[in-house]
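Hey, can you work out the whole structure from these sequences and the hints?
Okay, here's what each chain looks like letter by letter:
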Amino acid sequence: MTHGTTSRTLSVGALARIEGEAAMHVSVRDGVVEDVALRIYEPPRFFEAFLRGRGHTEPPDITARICGICPVAYQMSACQAIEDACGVRVEGALRDLRRLLYCGEWIESHALHIYMLHAPDFLGYPSAVHMARDHRAVVERGLDIKKTGNEILTVVGGRAIHPVNVRVGGFHRAPSPAELRPLRERLLRARDAALDTVRWVASFDFPDVQGGWEMLALRHPTEYPMLEGRLVSSGGLDAPVHDFERHVVESHVRHSTALHGSLAGGAHHITGPLARYSLNFDRLPALARTAALAAGLGEVCRNPFQSIVVRAVELLVACDEALHIVETYEPPARPFVDVPARAGRGCAATEAPRGTLYHRYDLDAEGTITSAVIVPPTAQNQAAIEDDLRGFVAPRLHLDDAELTRQCEMAIRNHDPCISCATHFLDLTVERR
Amino acid sequence: MTAAGTTPARLPSLAVWKFSSCDGCQLTLLDCEDELLALAGRVRIAQFLEASRAVEPGPYDVSLVEGSITTADDVERIRHVREVSKVVVAIGACATAGGIQALRNSADVGEYVSIVYAHPEYIATLAQSTPPSAHITVDHELHGCPVDRGQLLEVLGALLAGRRPRIAAHSVCVECKRRGTVCVMVAHGTPCLGPVTHAGCGALCPAYARGCFGCFGPADTVNLGSLRGALRENGASPRDVSRLLRTFNVGAAAFGEAGE
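Residue numbers (my numbering), protein chains in the order written: chain E, 1 to 433; chain B, 1 to 260.
It is possible that part of the hints are untrue.
[Said to hold, decoys possible] FRET-style restraints, in silico, Cβ to Cβ: (1) E:VAL249 / B:LEU160: 48 to 54 Å; (2) E:ASP205 / B:ARG82: 40 to 46 Å; (3) E:GLY236 / B:PRO59: 53 to 59 Å.
[What the hints assert, rightly or not] Taking beta-carbon pairs under 10 Å as the criterion, some of the chain E residues facing chain B (in silico): (4) PRO44; (5) PHE50; (6) LEU117; (7) ILE161; (8) SER278; (9) ASP364; (10) ALA365; (11) THR368.
By construction, these hints were calculated from the structure, which means they are not laboratory data.
The beta carbon of each residue, even a glycine, is placed where N, CA and C say it ideally should be.
Now the structure itself:
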């Protein structure tokens, strides 16, 4: 490469293997990184605007369409926020079913990211299909785990993408124990495969990088967080979810159609597997804790490249938890509890595969929505991803454009950005002047 | 080299394109866990950004298009897709009817922008969310929010075999009878769009004790006037009927107009 000593400009095509469309812009002058921007081009779809005027029973089906990868996360946050507004709590077997459905989504989404989107980076392939030419059995194992997640979603939710069985108050129909029974064998196998996955990804080479961001996640008194919890951070935040909007502030920056989230004090934060794990290590089931330590993870993990290991540990958590629910399932007396409309405000946050997902609705007395606020995980992670890149690019400017681009893409994929959620397409442009 | 001795370069090429959408329909392709590797042996995945960073230049034999057209740039891009593709298949409610984001079509998009964004001047968007067919000739359309995995494989298999895809044009109601599910509207008075909704899901919702909510869009021949009457008789208010029809396929004339 014949870069000048003081100026060089390059632009590279689309960044692949993320969910949605965004671009990456890096400009370098005289060997100094001047600016890094994660540009989200995904055209706006205006969910928060057209939710106004809709009925209080509609957000689970409507907001699921924000993201085809994590529709259950949207359905769970939406249901619980509406139930909060109407003063209803969903407990017992219905809550277990919700957690089982959510485990299905974690399994499907994490297996997709680990095997199809992220691992090819570490092993030097452009895709999982290319990787399968040399590692067929490994890719088949990943697909089988992913399929198990989809089977849970199909049995409990009706279908894998945009499940039809979820409603405010619970489900339209509760599955019978006989319907859940075949999942047991599948989950036993998937749990073993998840253990193998932890060992496999722990063997990859990881650059020695530490993120300086604050970490934000839910924390539950006894469970690894999924459906609910208090909002906690590595900076000492410990607040009820009702205070979410006081602590996480959204701002609109010129280069993105996703609003940027940051903490009220101005600190950039991440949400997602690294944060969840580091703030809830003591909530991991014993099996997952042992596997994590054996894989070389500490109780806190700040290396974004090791997020693939943490994701594998969470895959194990979800398989173990789903198995437990399937084995102890007693169907609820009714598939849902009534949620009569009333005027008020309700909010909820749940742990989507990519991090904390917050919904808030204001309802009038008839249950018509008068305002809606949705804060997805990737929008919160955007600023921290930019910070990661800024720090990552500087010591790697000696690399040629192709290699620098490849490594930057990898650094972005560490956070499993879901641009569909944040609004989507990573095009990488590195401008060197 | 494959067993038949043909080089991978001579396999038919497949491209997957994304416009405004949730990614769920293209994810359906990755959800074909049992068929994906076999499929990859029969087609060359030449462009599929969600799955691979290896991108081959066109032309492509088959292009799957997900998403609706909502920006001026999209209009240029969908024309490009047509130019470089032999066969264009639109997949999903966004690519066949404009998706749920077509709710803007009857609203003031400027107001929508100001509700969601602090700086409306940063946002470039069209006032209408339209399907690709409003801009280019589309060869096949696959309905659904999301598309059905079986139907997607049928279309790809048919195109590979050089035959017409077998996609039913009847309603969900027919599928429901075939499945032997008790009619939720007749037995329980549950509002159901099954009689007017395009088949393809296998009559999923009634099997889960809920009414069809029309995510596959209108069937080829529908009598919405009659269904509206039946829904009203079962206690649905005009507002309930309007909400039911105005979701993911609001951009399809039969639903959008009846829901006004």
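Hints versus structure:
no.: 1; hint: E:VAL249 / B:LEU160: 48 to 54 Å; in the structure: holds, 51 Å
no.: 2; hint: E:ASP205 / B:ARG82: 40 to 46 Å; in the structure: holds, 44 Å
no.: 3; hint: E:GLY236 / B:PRO59: 53 to 59 Å; in the structure: holds, 58 Å
no.: 4; hint: PRO44; in the structure: holds, 6 Å
no.: 5; hint: PHE50; in the structure: holds, 4 Å
no.: 6; hint: LEU117; in the structure: holds, 8 Å
no.: 7; hint: ILE161; in the structure: holds, 4 Å
no.: 8; hint: SER278; in the structure: violated, 28 Å
no.: 9; hint: ASP364; in the structure: violated, 13 Å
no.: 10; hint: ALA365; in the structure: violated, 15 Å
no.: 11; hint: THR368; in the structure: holds, 9 Å
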